[in-house]
Each structure stands twice: as structure tokens, then as C-alpha cells.
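2 protein chains.
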Amino acid sequence: MTNIYPPKRILMGPGPSDVHPRVLQAMAMPTIGHLDPVFQRMMDQSKDYLRALFKTENSLTFPISAPGSAGMEACFVNLLEAGDTAIVVRHGVFGDRMRENVIRCGANVIVVDAVWGTAPDMALVEDALKANPHASVLAFVHAETSTGVEADAGALCGLAQKYNCLSIVDMVTSLGGIPVDVDGWGADAVYSGSQKCLSCPPGLSPVSFSEKALNRIRSRKTPVQSWFLDLSLVMNYWDGEGGRSYHHTAPVNAMYGLNEALAMHMEEGTDNVHARHRLMHTALVAGLEAMGLSMLVDASCRLPQLNVVTVPEGVDEGAVRAHLLAHYGLEIGAGLGPLAGKVWRIGLMGEAARASNITVCLSALGEALNLQQHSADTGAALSAAQAVLAG
Amino acid sequence: MTNIYPPKRILMGPGPSDVHPRVLQAMAMPTIGHLDPVFQRMMDQSKDYLRALFKTENSLTFPISAPGSAGMEACFVNLLEAGDTAIVVRHGVFGDRMRENVIRCGANVIVVDAVWGTAPDMALVEDALKANPHASVLAFVHAETSTGVEADAGALCGLAQKYNCLSIVDMVTSLGGIPVDVDGWGADAVYSGSQKCLSCPPGLSPVSFSEKALNRIRSRKTPVQSWFLDLSLVMNYWDGEGGRSYHHTAPVNAMYGLNEALAMHMEEGTDNVHARHRLMHTALVAGLEAMGLSMLVDASCRLPQLNVVTVPEGVDEGAVRAHLLAHYGLEIGAGLGPLAGKVWRIGLMGEAARASNITVCLSALGEALNLQQHSADTGAALSAAQAVLAG
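Respectively, the protein sequence lines represent chains P and V. In case it helps, the numbering used here puts the first sequence at residues 1 to 391. In case it helps, the numbering used here puts the second sequence at residues 1 to 391.
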């Protein structure tokens, strides 16, 4: 059997995003023990970096040893018990996954829907909170990867506090791409993913829990249904008083990668990183619109790091993606759920948010559209993007 | 903040074990998408390799995207429902963790204990099966990492079948180090870890499920309590008919490492790998005994890949480990649970099972013991080990 090795891609899908060679090389550093004193110092460093990124003083801030879906589950299974009620704001696939998580906790779920591609309506959320005074959790997705919409996280966390709920916030696609402010917003349990705007390989889920969230966990009447994700056990490894004790074996080399990516983020500076995402997004949208394409999401709530583009009538969207992958090694994302076949999702996450990628993407997309007899003016698209990039 | 980087260690603890540079370099290959056609071909290759290692034809054989603890949890939460009864054979820490998992499923647990450092008693297990005819699962650890004992997995799986139970078998430390035979034994749900005898970085948990296990899952009355580990969803990604669908984002680079480690295992050949573990173990034990140390576990059920050595009276075991780490970069393991402070655990797993490591370990251990005024004849130890290695 001949071994299979990966080609070089340009990752402009919904994640994973492009990974910098420094981070890849960090993954290849020699493995050491998960209880090694040097690894424990690295754990402390990563926690400090993550606190800076999340903008929080929360002691319990660390990466869960599994992808973002496990980070989501960690929040729900620790904060909910059977019979509790949670309100879930659903404006895409990941809000629906939150709903699934509530059900699997044996808790009651109240769903507040928003049309996919639009932002959650604060009045509807407040109505649900008023109508369900026993609800103990309000959960929502800050940056919906399936639709490209940003929810107003500060306002939603404020509503949670007003109605005495803990907030669970999905920051998988937001962290590192747009401002987050865990302490300023008063978010109680948040999770992210390594493979989006942090530009790491997938596999880790940074999380942070407020003191209010920890008090909820301490006052549980029943054990957490997951042993692997039980924070009362996991925190002895990540946040142990007087030394760490073994819980599970952490993914050591993945942690090397995350620590390096976080260090690179700090070197560039959070504000600069956010500004870069914003600039690249503006350039990409200018190019796409000059090409005659249109964005699904209104500019008022559009995510810079995930650009959802409507597939023009008559275009075979799968053939376009296949052309990009085959001829340019360029990955862009397909639509999910009700948006399947109707949109492309173009990521500008972390290392992928670079001028060179925008040039390749616009040029390749124009070529693929023209191959399908859908006239697209690539020259105009590149000019429009370059005008933005030139400031 | 100065970034922290790992030193080069020799990993002879209970895992992670030494990782070959080929595997480390594979971790650093460029990240591609988890739905990329090339990655899907690599997934198929890894599944084929794992089937060969597990000795199974089970279609659902793949690595869970999280460490071995999550693999354990995947087995329990999928095969058990609230109110079910499981019999757990407990001969160390990991058997106790199985018991915890059963409880968190809301199921009843019957524990059959063996003294730590001894093998499970088949008669006691059969008594428990007879006394609990409604039990639906028999669970046990094949290679107890906390004690260095091998359980008779074939006999235990046979008992499970005789009493109409599904078997859940922990192969975390056995896979790749000693023979396993999933189909021959009729094991129904098995899990392992990447960081033991497979010599990968930690973070992945290879699992395999029999048709009987899948039928149990298909006939569940309640949803699996974990969304992340729900096999009815996960299998659409790893084992999808007519194409894979997105479930979670797999840890792509960790998978590169695993695929490379599995390929290296195939190149060496399973029988040769097992023989190497056995030879290195024999040499290490000869050396340890020539030095005046004694093994905790009787030779009849001793694991070659995990050697549990009794700490001599009056020796500060923590100081010995600290000396080895500081002066030789050599990690060996401490005792867990009731064995804490009483034993060392010396791993000879995968790449760590090399003659050079045995030489360093015996020599460094002799030096550390002599520093504590505990006379140890390092020369005799090395001679005894070398006599074994010379065949």
C-alpha cells in the first residue's frame, strides 16, 4: 500500500484555515510527557495567551483536548442537568447543534429562530426569556459559520444577565477574527476552535468559564454525564491548586501548535489581526460584487472571516468548487442545511486572510464561472479588490 | 513573554512514548480540509491499517478525534442506556474509570475486583455473569497501564459471549505492543490510544465495533447522551455510504501522524514489532533484577510494554524520577492510586522499546539509587541486559 500524503492547498473554506509554517513546525517538535514540568509551563503560557484573546480574567481558561464540537458539549453538559430549561437562539447549523446538546442533557429546550442569513432578533429573545422565567441558560452562536452572520453577543449576554440566565456563547469562528470580550459582555461559558481564525490544525477547543458558571457546576445535584468533559475533574489537570493531577492524556503536539499560533497572534497584536481580517474582507467583497456576485448577508451583520456568496442562477456550484480545487488547490466551502447548493462560503480566517489569497480566489472563481458560460469580469473584480488593498 | 519549547526527552513512562521523526514530520505536513478527497483517501488507508492491527473485518474501525478517555466513553455511551446493567472487571485505575463511565450512563454497575498487580480471576467473573443474567455488557482492560498486568482477553470475551453480553475491551496500552485479535476473540467494542505502542503523539483513540455492537446501537430507545461521540452520527463521516458527510472537524494533522505511524508498523511487521517489545522487556527485567530490584507483577501476566518495578524500602521514588529527568531527560512513570509512591512504571512502548533506551534507563536508575545510598550494581544490570539482547 502506497502511503497517502496531502497536497498543498489554499484553505478558504469554513475551516480548517491555512496554517503558518511556524505552527506546522511546532507540531513536529519532540513529544514530551503531559505531566512534564516544561509542558506544564507551556500550559500556563497558553492559558495566559487565551485569556488575552478572550479578554477575560477567568482562571478556568484552557483548550479542551478535542475539536470545537466537544467544547460545545463541555459547556452544555457541565451547566445543564436533566429537567433544566435552556433557551437556544438558532440562526444556523451550529445553533441547531446547541439544541441537540440541550436535549441530550435531558433538559428542556426553547428555540428562538432567526431566518438563516439574518441576525437574531433581540425582541424575540427577550420575549422567550420573559415567557420562560425558569430557564437557566441562554445559548447562542456569536459567529455562525453556516451563514456568515454575526450576532450581537454583548446584547445577548446582557439579556441573559437581566433574566438571570447563564450565557453559553459559541466563539468557534469569532475568536481571533473579530473582537470578543468575555468579561466585558459577562459571558459565562464560551468555546472556540483551533482551526478557524487561530490558524492551527483542527483538534483543540479553547474554552473559558466564569465564576458564576463554576458555581453552577459546584452546586450540581447530579454528576456530569460525560467523564471526559467533566470540568470538576478536568480542572485538576489544567487549573490544579498545588500541582496538576492526571485526568486524561492531553494532545501534547497539538498544544505546541496552538501555543505557537497564539504567540504569533500576540506578536501581530489583536487589533492588527482584526484590522487585517476587516481589510481583506472589504477587498474580497468589492471584488465579488464587481464580478456581479452578491453576498447573502446584509453588511450590518456580515462576518469578515466568513463570506457567504449567493450562487448565481444556472451555475453548478459543485463544479465550480471542484475546478478551484483541481486547478488552484483552492478550497472554498459549500452551503449547509437549507443553504446547500445555494451559496459558497469563502473563509478569510487567520493566515488565509492575505492579499495573495484574495487575488487567487477572485481570479479562479471568475475563470470557473466563465467556463460555465456565466460571464464574470475577473479584471474588474481584481481592480476593485486591489483598490481596497491599496487603501 | 518568551515562548516555551519542549526539550528532547526519552519517554519510558506509561505514555506518551517516544515518537519517530517520520511521524513528527508527518504532523507538520500542510493542513488540508477534513472533507478534502485526498484526506478521505487517507482516512480509508488508516482504517485499513487499523483493521490489520486490531485483526478485524469490522467496517466501523477508525480513530475517534480525541484521546483514549474519549474512546472509552464512546464505547460506554453508545452501548449502554439508563437502567442497563454492566459488569466491570477492575484490576487498576482504568477499570475504575470504566465503572465511572457506566454510572454516568445511568446504568447499574457490578464490579469484579482483582488485587492490583494480579490478573482477573475468571471464576469470579463467571460468578458475576451468572448472578446478573440481565447484564448486557462485560467490560475489562486488556493491558492495565496502572499495574502492568495483562488480562486474558480471549477468555473474558468468551465469557461475555457465553452469557450473552457485549464485551467492551480497553486496548489502549495493548494495541501494537502485544497480540490483539478482535475478531478471533469476538470482542464487540474496543478502543486504544495513539500515544502508547503506536508511538504517535497523544490525541486520537482508534476504535472498532462489531456488527453485534452496531445492532445494539441501532436498537437503542434513547439517544446517545453525547452528541460528539454518537456513533450513529460519527459513522456518516468515517463510514458513510455514498460519500462522507460533515459531523465534526477531524484533527487532520494528528491523523497524518497516525497514518504514518501505522505505515511504519506495517513496514516492520506486526509479529516483528511484538517480538521486539518482548525482547526489550526481557532484557530490561534481567537488568533490573540483576540490580536487585523486583517486579510487581508475576511473569505469567506481565506486560512487556509496561514494567512495574517495586520501589525499594527507604528510597525516595520521586527524587529518583526527578534525577532521571534532570540528568538524562528520561521520563519514567510514578505509581497511581494505591500504588502511588510504591512503584515505578517503566514503559517500553513502540519506538521506546529500543536497546539504547534500556542501557540509559538501567544506567541512570543505578546512578540515582546509589546517590540515595541504595547500593545498585549497574555493571551487573547492564551485563544481564546485554546478554539477553545478544540473544
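FYI, nobody ran anything at the bench for these hints, they're computed from the structure. Only a predicted model underlies this, so the values are computations on that prediction, with no experimental measurement involved. Mixed in with the good hints there might be a few duds.
[Claimed, not checked] Taking CB as the label site, the calculated pair distances span:
#1 P:H20 - V:D316: 43 to 51 Å
#2 P:G154 - V:D48: 47 to 55 Å
#3 V:P37 - P:R22: 22 to 30 Å
#4 V:D121 - P:N164: 28 to 36 Å
#5 P:D298 - V:V38: 19 to 27 Å
#6 V:Q25 - P:K212: 58 to 66 Å
[Claimed, not checked] Computed from the model, here is a short list of chain P residues facing chain V with C-beta under 7 Å:
#7 P7
#8 A66
#9 R104
#10 P223
#11 D316
#12 A319
#13 L382
We put the CB at the ideal spot given by N, CA and C, even for glycine.
Hints versus structure:
1. Distance hint check for H20 (chain P) and D316 (chain V): the Cβ-Cβ separation is about 45 Å, which falls inside the suggested range of 43 to 51 Å.
2. Checked against the given bound of 47 to 55 Å, the beta carbons of G154 (chain P) and D48 (chain V), roughly 50 Å apart, stay inside it.
3. Here the CB-CB span from P37 (chain V) to R22 (chain P) is close to 28 Å, well matched to the stated 22 to 30 Å.
4. In this structure the supplied range 28 to 36 Å is violated for D121 (chain V) paired with N164 (chain P), their Cβ-Cβ distance being about 54 Å.
5. For the pair D298 (chain P) and V38 (chain V), the beta carbons lie near 37 Å from each other, so the given range of 19 to 27 Å is not met.
6. For the pair Q25 (chain V) and K212 (chain P), the supplied restraint of 58 to 66 Å is violated, since their beta-carbon distance comes to about 45 Å.
7. Hint on P7 (chain P) holds. Least Cβ distance to chain V is approximately 6 Å, under the 7 Å limit.
8. For A66 (chain P), the shortest C-beta to C-beta distance to chain V is roughly 4 Å, which falls under 7 Å, so the interface hint holds.
9. The criterion of a C-beta within 7 Å of any C-beta in chain V is met by R104 (chain P), whose closest approach is roughly 5 Å, and the hint holds.
10. A least Cβ separation of about 6 Å between P223 (chain P) and chain V falls short of the 7 Å threshold, and the interface hint therefore holds.
11. The interface hint given for D316 (chain P) is broken, as the beta carbon of that residue sits about 17 Å from the closest beta carbon of chain V, more than 7 Å.
12. For the restraint placing A319 (chain P) at the interface with chain V, the shortest Cβ-Cβ distance is roughly 14 Å, beyond the 7 Å limit, so the hint is violated.
13. Look at L382 (chain P): its Cβ only gets to about 25 Å from chain V, farther than 7 Å, so that hint breaks.
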